[in-house]
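Asks: Sequences listed follow chains A and B, in order.
The first sequence begins at 41 in my numbering and counts up one residue at a time.
The second sequence begins at 822 in my numbering and counts up one residue at a time.
Keep in mind that a hint or two might mislead.
With beta-carbon atoms standing in for the labels, derived distance ranges [as the list claims (entries may be wrong)]: (1) B/1237 with A/84: 57 to 63 Å; (2) B/856 with A/157: 29 to 35 Å; (3) B/979 with A/179: 31 to 37 Å; (4) A/58 with B/1133: 38 to 44 Å.
For the record, the hints were derived by calculation from the structure and aren't laboratory data.
Just so it is clear, CB atoms sit at the ideal spot from N, CA and C, and this is done for glycine as well.
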Amino acid sequence: MLHRSHIHGVMGEFATPEELIHAAKKVREAGYRHLDAYAPFPVEGLSEALGIKRNLVPVLTLLGGLTGGVGGFFFQYWVAAITYPMNIGGRPLNSWPAFVPVTFELTVLGAALSAVFGMLALNGLPQPHHPVFNVERFSHATTDRFFLCIEARDPKFHLEETARLLHSLHAHHVNEVADD
Amino acid sequence: MSAGQPPLDSPEIRRLTPVLGPGHTYASVTDKISAIVLTRPTSLGWFIGFGIAFSVVGMLTVALAWLIIKGVGIWGISIPIGWGFAIVNFVWWIGIGHAGTLISAILFLLNQKWRTSINRFAEAMTLFAVACAGIFPLIHTGRPWMAYYMFPYPSTMGIWPQFRSPLIWDVFAVSTYGTVSLLFWYVGLIPDLATLRDRAIERPAKIIYGMLSMGWRGSARHWHRYQSSYLLLAGLATPLVLSVHTVVSFDFAVAIVPGWHTTIFPPYFVAGAIYSGFAMVLTIAIPLRKVYGLQDFITMRHLDNMAKVMLATGLIVAYGYFVEFFMSLYSGNKFDLYLVKMRLHGPYAPYYFALIVCNILIPQLLWFYKMRHNVVVLFLMSIVVNIGMWLERFVIIVISLTRDFVPSAWGRYSPTFWDWATFIGTIGLFVMLIFLFVRVLPAISIAEMRELVAETSEEDK
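Using the sequences provided together with the hints, build the complete structure.
Replies: Okay, structure coming up:
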């Protein structure tokens, strides 16, 4: 048995998304807060069962879009009206309708870049190694198995009791996750 | 609609033509799709196909090298026809890309489940088509090594791009489109790369897929953000894809050349883009499902739906041709009237009639259920539409430029060997990239197919 400080948590394996959601709800009802679930595809209702609420991706995307759009427009204004003015038939230098296509494209570009890189940054990716990969059966998490991991940093965590709880929720396998 | 066909969207037709073959589990879809990449031996046919495409890319390389040595004089362009093949091919390739984004973004927002098994390779097709398209304006500048002049950067000369020019809009539209398509494709690939990492047997494959998957572990917290990121990207790609061909059409519509200066161009270009793109998706999907035995995933329902999209967009394109014609007659503008005459009786009239046959007449067969369910007919039709859409751009560019306002500025255009070598070369590049893609990445989104399994098993309960 591993020493408590060398352990990331205890992980239970389930065969269906329904079992996983059920287990996640029960574990939260039992008072655990530091837990994460692993699934081969996004499972509907899992975020709610785990109590995941905060998601900064939409806000970041909005900010990225605004930066791209506002910055893009004023950049064109600066180029066309201030730093490199060209008098074309006496027309206004700030010919804003002509700046719309590029402003639009830069809005989309800024928003898309922040949606992707914001998501990756908030998820802490790229992250080549994570303790859950120490569990041999975890390679099935990207095929057809569903995992629930109760982390050791949870104040309620107790190796035997937490493992017993997962067993009682009909986990097919329960593994200790080494932390290295 | 033919007789004896069950009503559309009835439970019966769903059962007859499902989006996923019966009896699939999470593991079976994963096995089947990842096996193409990981365990299935590379067939002789793949090597032959790849070899042919690769030698065509060799021809492209020679054509490009000769172009850089000699300049654009090796092409058939000369004033008044400054655009020629380079722009015809650019517009054609960009248009083809549009179906990929439409399938992956718009159908995703509309919650169309049938998109799942075709979106991955349709997105790949978009990327490769944009890559082929991007070559043309670049080499058409004559001095491609100076292409960076088009981007705004603080140069010591103190000059800046002209943001009032549609050609600069094009630079921004196409580069944004390429970037966002790549991001969308890559984000969709991350979970599948993780699957390949976990299933790969050989160590190099494990390492490469592992690096590309960035350590994805399927955490619920990650999926939560991933899903909102993917949804937002779909929402952003939707107006983007509509804007790209609109901006491409501005290259023409903002000019005053007869036949170009019309307000119908943006919608009609977008419809034409989707039309040719779906044709190209069919051209790829039909051999792909046959060769890799993916009939359970890319079912007749998919082919049928794509044929319907082709029919609908083809009719919008037909409407565009009609409006162009009508507006010329209705305006009474003598230059526009002369252009109509040139299309019908001029030296390039055969191309105009060929385009009408390819884009309007032949696709009317798609009204018939039997035709939409005949794989051979669909495949041939997709090629006919691709040819037709290429002819459309040829007609728009060449007829208008050879016959503008004053007879002293008229001319003739005929492409040279190097024009053809470059064009066919990019087709080779496209095919080669598709071959590579099918071999090293999952051609169907595995994670989304598992979701589909979960959803369809719920429906059956």
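Asks: Are the hints correct? Go through all of them and say.
Replies: Each hint, compared with the structure:
1. Distance hint check for residue 1237 of chain B and residue 84 of chain A: the Cβ-Cβ separation is about 58 Å, which falls inside the suggested range of 57 to 63 Å.
2. In this structure the hint that residue 856 of chain B and residue 157 of chain A lie 29 to 35 Å apart at CB holds, the actual value being about 33 Å.
3. Take residue 979 of chain B and residue 179 of chain A: their Cβ atoms lie about 58 Å apart, and the range 31 to 37 Å is violated.
4. For the pair residue 58 of chain A and residue 1133 of chain B, the beta carbons lie near 39 Å from each other, so the given range of 38 to 44 Å is met.
Consistency note: the structure conflicts with earlier hint 3 alone.
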